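Dock chain H against the given chain Z, drawing on the hints supplied.
Protein chains: 2
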Amino acid sequence: MKKCIILGSTGSIGTSSLDVIKSNSGHFRAVGLSAGSSVGKMCEQVLEFKPEAVSMSDSGAAYELRERVGHHTMVYEGIEGMIEMIRSLDADAVINGLVGSVGVLPTLTALEYDKDVLLANKETMVMAGRLVIEAAARFKKRIVPIDSEMSAIYQCLKGESSKTLKRLILTASGGPFVDYSAEKLKFVTVKQALNHPTWSMGVKNTIDSATMMNKGLEVIEARWLFNVPGTEIDVTIHRDSIAHSLVEFIDGSLIAQLSKPDMRLAIQYAMTDPERLQSPYGGIDFSSPFSLTFEPPDFDRFPCLALAYEALERGGTAPAALNGANERAVEAFVNGNITFMDIPETIRRVIENHRFIEEPNIDDLITTDLEAKRFTSVLVES
Amino acid sequence: MKKCIILGSTGSIGTSSLDVIKSNSGHFRAVGLSAGSSVGKMCEQVLEFKPEAVSMSDSGAAYELRERVGHHTMVYEGIEGMIEMIRSLDADAVINGLVGSVGVLPTLTALEYDKDVLLANKETMVMAGRLVIEAAARFKKRIVPIDSEMSAIYQCLKGESSKTLKRLILTASGGPFVDYSAEKLKFVTVKQALNHPTWSMGVKNTIDSATMMNKGLEVIEARWLFNVPGTEIDVTIHRDSIAHSLVEFIDGSLIAQLSKPDMRLAIQYAMTDPERLQSPYGGIDFSSPFSLTFEPPDFDRFPCLALAYEALERGGTAPAALNGANERAVEAFVNGNITFMDIPETIRRVIENHRFIEEPNIDDLITTDLEAKRFTSVLVES
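Going down the list, the sequences are from chains Z and H.
Quick note on numbering: the first sequence equals residues 74 to 455 in the numbering used here.
Quick note on numbering: the second sequence equals residues 74 to 455 in the numbering used here.
Same shape as in the complex, but just chain Z:
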């Protein structure tokens, strides 16, 4: 029985993870849950999964939850409470389904307190990839990705020696605007941007998919997860969302992972790695004709992708600045303060003007994140 703590349990990764646990109740148990302020949802999850502890980022929500379930379940409060819960609970793995830079400290804490990290929170690796990988090595714990593209690469690399890896090819759906002209992209509305063709995700991830920043963040994430320089990571537009990424080896052979799009498949895989368990997800029907298409991405129409490659190339605090600026710029777009094409423009200005540090420690990265967000707020309000 594998004991899991789920961070962001009421979000899309969290609820999918609980689905997987429910379907495999003989194999997994949720011993800890964390959420922001969704008391109602959390209350239901506590009643159904009976975790030992939960944590709510919002103090009011924590108070209300204590009233409703507190006599059976320990309720932690705030980010510090979530960190404390990770430290205290006896668990094998932490499923990090948090969104944004808030995911970094829980990841580092989990590794330090003897827990594997099943990671959906790509911002963790974008901000502090080098430090996270070093921590995993130091504490001899694993980081298993549960993002579908990263999981695909992870699966493709099974049984292969890392020195034979030549190139990663990340597939991207292209988002809802893949065919929009540069002119048309200027007038994209929030409603249009929130309409993703294949995956059902949270607001932040959906907008990132529309700008293709999600793929940029994944390029940076892949750089650290798989120890491959950015120059050897390519992106291909694959509208069908069936091939979830590919790996090319030095002999010219490519290995790809495919399935119907369902994030529960990658979540379950991360929970069972290196084994596999029966599941109703995935599968592909070969009894009817189908085709898979691949096209190169357009860096001019989707400058967020180019920005991510540039930040990765520059290194140091640049990816953290990119990530912080992106989080705030996406909020500003959703709130109607800036246009769709202002997102990359704003991020570019923040990266160019941020206080660059070549070899940042975790405090430097957290500061970079905060400063990037603050500067972005100033830019979007001016």
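Please keep in mind that the hints were generated in silico from the structure rather than gathered at the bench.
Certain hints may be false.
[Stated by the list, open to error] For lysine-lysine, the following DSBU-like pairs were computed, each having C-alpha atoms within a straight-line distance of at most 30 Å:
{"no.": "1", "chain 1": "Z", "residue 1": "Lys239", "chain 2": "H", "residue 2": "Lys277"}
{"no.": "2", "chain 1": "H", "residue 1": "Lys213", "chain 2": "H", "residue 2": "Lys239"}
{"no.": "3", "chain 1": "H", "residue 1": "Lys213", "chain 2": "Z", "residue 2": "Lys231"}
{"no.": "4", "chain 1": "Z", "residue 1": "Lys231", "chain 2": "H", "residue 2": "Lys76"}
{"no.": "5", "chain 1": "H", "residue 1": "Lys277", "chain 2": "H", "residue 2": "Lys257"}
{"no.": "6", "chain 1": "Z", "residue 1": "Lys236", "chain 2": "H", "residue 2": "Lys236"}
{"no.": "7", "chain 1": "Z", "residue 1": "Lys95", "chain 2": "H", "residue 2": "Lys239"}
{"no.": "8", "chain 1": "H", "residue 1": "Lys213", "chain 2": "H", "residue 2": "Lys231"}
{"no.": "9", "chain 1": "Z", "residue 1": "Lys236", "chain 2": "H", "residue 2": "Lys214"}
{"no.": "10", "chain 1": "Z", "residue 1": "Lys239", "chain 2": "Z", "residue 2": "Lys259"}
{"no.": "11", "chain 1": "Z", "residue 1": "Lys236", "chain 2": "H", "residue 2": "Lys75"}
{"no.": "12", "chain 1": "Z", "residue 1": "Lys231", "chain 2": "Z", "residue 2": "Lys76"}
{"no.": "13", "chain 1": "Z", "residue 1": "Lys95", "chain 2": "Z", "residue 2": "Lys76"}
From a predicted model like this one, the values you see are computed outputs, not experimental measurements.
Just chain H, lined up with the frame of chain Z:
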């Protein structure tokens, strides 16, 4: 330095294998070569690769070769000579690039005499798959496929536990007649059948590709190589010849192997497994758009495929009868004795009328092969 014996060295698998050895001369050495009657080609290979011994099936050819290179190189003669060469030479692996049922005994001999078998000769597994797999286990030697589809599956299974395997999906180019109507297939000429869309192979394999018997033989081969029942092996028409086969696991995840079609890639992989070496083959260009298509095969228009599934299901000597009948029927078609659609019809009659043995030993299988060929000859001449 890995020492290899190449059976069928002047054929397409043989010359490709020697290409790979030439490109990686620091890693591999050809210590033995065998061919049928191509003295000229063999003479060139002896001068270039300086093997310790060679063998010619044809006695006259062996005599002529001895005259030309005999003072430097041991020249064996006949099938018995080839078997003797395999026994005598100190080598790590035998590359079996023979065509047809003649490949069975060399395979069994290689395993018994402490050599891995890198296998292109699918008829070996079709005829005697169970016995070959048992021999490999008994002598603790490996059978590594170098057929592109089997190699793909072999690569997709790396690092995976065999109990998590759910289904194999073999890709087939469909051959030159994939779009022909049943009516049009009746009037196919030998010249049309010898024109394969993507792969350059010998005559037998090219006709097998046109009838889709090649895929049927691979289904049977895969059953033994990967220990999967025929009911869990599917075939998909994939005209692009880029995805060389796929494996579906119990969790619904599929792993595929892809590359530009070049048989040297699979040959090199078999020689380096589980490692990989740099190569100029394979690779896929993602800088231009492309698509991969998959369609179900038509068992009515391509009855050879259905026959293979039926023979596998029946078991015992049925696959050996199928294989023997097919070899002779293909010859009869190439010689103009029967029509294209007579090939499956003839094979069906041979299987139905052969002396069925449920649990054949190797002598039974060789007898089945001979009798099937003899009966086929009678049928095609009547």
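So, going through the hints one by one against the coordinates:
Distance restraint check for Z:Lys239 and H:Lys277: the Cα-Cα separation of roughly 36 Å exceeds the 30 Å cut-off, and the hinted pair is therefore not satisfied. Straight-line distance between C-alpha atoms of H:Lys213 and H:Lys239 comes to about 26 Å, which keeps the hinted pair within the 30 Å bound. Distance check on the hinted pair: H:Lys213 and Z:Lys231 sit about 24 Å apart at the alpha-carbon level, within 30 Å; holds. For the hint linking Z:Lys231 to H:Lys76, the alpha-carbon distance of about 28 Å falls within 30 Å, and the restraint holds.
With a C-alpha separation of about 22 Å, the suggested pairing of H:Lys277 with H:Lys257 holds against the 30 Å cut-off. For the proposed pair Z:Lys236 and H:Lys236, the alpha carbon gap of about 28 Å is at most 30 Å, so the pair holds. Restraint check: the Cα-Cα separation between Z:Lys95 and H:Lys239 comes to about 23 Å, which is no more than 30 Å; the hinted pair holds. Restraint check for H:Lys213 and H:Lys231: the C-alpha separation of about 19 Å stays at or below 30 Å, so the hint holds.
With a C-alpha separation of about 26 Å, the suggested pairing of Z:Lys236 with H:Lys214 holds against the 30 Å cut-off. For the hint pairing Z:Lys239 with Z:Lys259, the CA-to-CA distance comes to about 37 Å; that exceeds 30 Å, so the pair is violated. Between the alpha carbons of Z:Lys236 and H:Lys75 the distance comes to roughly 20 Å, so the proposed pair stays at or under 30 Å and holds. Restraint check for Z:Lys231 and Z:Lys76: the C-alpha separation of about 24 Å stays at or below 30 Å, so the hint holds.
Between Z:Lys95 and Z:Lys76 the alpha-carbon distance is near 13 Å, which keeps this suggested pair within the 30 Å criterion.
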